[in-house]
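Novice: Each of the two chains sits in its own frame; use the hints to bring them together as a complex.
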Amino acid sequence: MPDPITKEAFAAIVADRGLTLSPERFEEFYALYPLVREIRARLRNPRGYDAEPASIFSPGAF
Amino acid sequence: MSDPTFLTIAEAAKLIKARKLSPVELAQACIAKTKRLDNVLCAYVELTEDIALAAARTAEAEIAAGGWKGPLHGIPIGLKDIYDTAGTRTTGHSRLLATRVPDEDATTVTKLRQAGSVITGKLGTFEFAIGGPSFDILTPPARNPWNPDHTTGGSSSGSGAAVAAGLVLGAMGTDTGGSIRGPSALCGLAGIKPTYGLLSRKGILPLSQSLDHAGPMCWTSEDCALMMQALAGHDPGDPASARVPIPDYAAEIGKPVQGLRIGVIRHFHETDNPATPEVLAALEEAIRVLGGLGCEVVDVTLPPLADFAAVGVTIMASEAFAIHEKTLQASPELYGEFGRDRITMGAFFTAADYVAAGYKRRELAAKVAEVMKTVDVLMTVGSPFPAQPIDAVPKYLFFRTPSLTMPFNVTGLPALCVAMGFSSTGLPLSMQLVGKAFAEPVLFGLGDAYEKATPWKSRRPAMALAA
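Just so you know, the protein sequences line up as chains A and B, in that order.
UniProt numbering puts the first residue of the first sequence at 1, with every later residue one more than the last.
UniProt numbering puts the first residue of the second sequence at 1, with every later residue one more than the last.
If you're looking for bench data, these hints aren't it; they were derived computationally from the structure.
Don't take each hint at face value.
Unchecked claim - Using 30 Å as the maximum straight-line C-alpha spacing, the simulated DSSO-like pairs for lysine-lysine come out as follows:
#1 Lys326(B) <-> Lys202(B)
#2 Lys35(B) <-> Lys17(B)
#3 Lys395(B) <-> Lys452(B)
#4 Lys452(B) <-> Lys20(B)
#5 Lys452(B) <-> Lys7(A)
#6 Lys7(A) <-> Lys395(B)
Unchecked claim - If you want the ones that stay clear, here's a sample from chain A, every Cβ over 12 Å from chain B, calculated:
#7 Pro4
#8 Pro23
#9 Glu38
Each residue gets a CB set at the ideal place from its N, CA and C atoms; glycine is no exception.
One chain only, chain B, in its complex shape (with noise of 0.2 Å):
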């Protein structure tokens, strides 16, 4: 085997559980590559050698002794450092968490641990998921595989880059307004928001209550799937999270998508943020790729964008402004810049905005839902454009300018980022897919297919190669 780092989950699950592959080997060879790369992208805040190591060996022994636990196990996983960790610490990326440990693991650590994977460390984000990227908060940002002079996207930055490189098989993100689908897409991943409430979000440091989700971020469609398995179900600690039945997620992997019905969402990427000639050209080539597997593709219309950003940037202001006020009231100084400001800006609006943006949540989603009855998945870019360079970034871009990916945490659908070819300069582009509430398999088997159809997934970062 020349490189298992960058073996998929699915791939790894199959070698590992017929003992083709050594857990502990695989997850020496990711903390190598890790050590070899790593001072240029800084992915991490904190690699866990120790921790990982002896939980590799576990795994080893429990499958060579015949307890093979599933497709996670074994397999080497990052986390976004706002996931607690028992015993490791977690710092939000600020330096006002800088030596905090938590006694417990969230939630979704638990179930990770729990099927076996190995965890590695604590991967760099936006300072409180919002923050960056920043280059004077606790460690440097994450830079882009691709290109590190560009940025990862954000917030789970050191995510998509761990993923991108091969540092890990697949990665916990969270996503408040677009931070697993924005680094999904600009590093090159499949990356999914599930529905709200689907994963827990107990132990996870909030931005932003009512719109935070957690979700993987993996190379593949169905590593996504394979993870949300692990992941998915109701958590009492979490009051928003749904009682629903847990699905096989995998269960559409490589099924044929004929027939599904495909709404392109297209005023919001033609005209209410107009993406780059160069993306608009490979969605249109993947609504073709698509149409020719057998969907049926239709145009839709939503409520404009800029709708969906007001209500999301006014809750996620007024939410994330409600959590950080007396530490920016007293020790504004301890944050980055970018978050302090970002995170100011909540301040500014009243109470009744907040609700105002509640009632308008109300109505669009509402809109959208009847807009569902018509199709099985809606479809726009994953982001406007390819990855910006690490020190272009505006400070206020989020309120100027109306995201693409906010519409589905307003309306807490299910949303899945897949590649979908490059940039002239080599960058990664991406597609957008969203389901209907608790459809997630449907999008993992729709992006498998393109994916299987597909070139994009054959190429690699060229310094993650080299290395």
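So that you can see chain A by itself, here it is in the shape it has in the complex (with noise of 0.2 Å):
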């Protein structure tokens, strides 16, 4: 598991996807962001060059 976030570096996140928390409402989700890294690190496994996602785009739809 990687180190713990910093509030500064969180606050960047925050800042690029354009949100405006409320103090609280940081504090909650700088909280939950652990949650965030264990889901990340739980889809993470040696996977090949051959792998492909579920969603590959299909031209023949349109």
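Specialist: Next up, the structure:
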């Protein structure tokens, strides 16, 4: 698991997403961010270059 | 007839066809019951009484003239308020869309009208099918008819309450991570999330396009089959719409289920997201009943529930945030707290997370498909617990606890919730039956056989009986 994100780094993410959070909501989401990282880690496992995501574009559909 | 609002669709259809039940009188009975109960239940965002009665009068005239269209003709049906209805508000239960009136019906609504259904109005939902139960949105949240202090579950919350209480005979819900099956489970209904792509999503407010499913919620599995017959079919207006033959969804109703092989995913409800002892005991009894009907029941193992949840949550939150990004940036105060904050969680996933969820989704679907080669149906619980008090639902439950319904949004497989008893406090308990892609008739047949072998469908909420 990576080091805990700093509040400054998390504030940069919030700003980049265009969100305006009250101090209370900022603290709430900051406290939840480790959960996002846990979920993220579950999605990563070794894959070859031939791996395909489920949502592959199909030009025949147009 | 004592109370026509408690007829199943199948029962009412027979009477209507034989002209022993008037669609107008049936609609009037449903509307009268709604007026008596909905100040407590809050199932409706908008009851469209005049439209319903006009449709009922049309149905009655058509049937009198020998033009019976099928089992939905003259049947009162409610719509979750994310289905577009031409000329009638579709709000997503949100202040953001409080005055939005679509020009066109959703494809599924068109199909219901073509089948002669009597559309009674727009039913409550969690805000944009994710934010609830909330008291700070357009109208108060729906309450559970089995105990109004408790939630119906969500997000098809009004649909769950309305069918259980007999305000309608059937309703439409949508399901992105369990939003048909949750309220069906907690309100004692049969509710199906069909195979992804089988029912059109066109004209339905999206939450997460690659996980969203439309589907019916009814009192019985047979009624779900009857509604599916009218609803299924390719729609060129939905890019995900499947091109598959449409079977007779009621083909297995009343047929023996002997020899069906059922795989119980014990680790889902025993360790991955442990159900309460009451729910586990009820499931074991249901397994015994199905065994007694001649089914072969075996245990199966799928990947960990948390893997499915990680995929589902990442995709759902990311797609939902993409839909709501501009309004969350500009007018977050117009959302209720739960909807605003649950959708905002999507801001913190990256593009690489979203693509990784797509890789993982394919891997999980392939693993489940391997297991499905060995059984006809998978089985787990519909909900790990009965309905919670309405003010005690955690805001981030879906992110913190792996959902027992999400795996089948991730894999797109059809999943039917069937009532399997009651808690000691009188709240419904439910099992979840999962089929192979496009094998809905097998699920309806199995659900029907179980319902007929058990007494659960004879019980209705006391407050609705007294109304």
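Novice: Determine for every hint whether it applies to the structure shown.
Specialist: Structure-based check of all given hints:
| no. | hint | in the structure |
| --- | --- | --- |
| 1 | Lys326(B) <-> Lys202(B) | holds (22 Å) |
| 2 | Lys35(B) <-> Lys17(B) | holds (27 Å) |
| 3 | Lys395(B) <-> Lys452(B) | violated (38 Å) |
| 4 | Lys452(B) <-> Lys20(B) | holds (25 Å) |
| 5 | Lys452(B) <-> Lys7(A) | violated (58 Å) |
| 6 | Lys7(A) <-> Lys395(B) | holds (23 Å) |
| 7 | Pro4 | holds (14 Å) |
| 8 | Pro23 | holds (15 Å) |
| 9 | Glu38 | violated (8 Å) |
Figure legend: structure checked against the earlier numbered hints; hints not met, in rising order: 3, 5 and 9.
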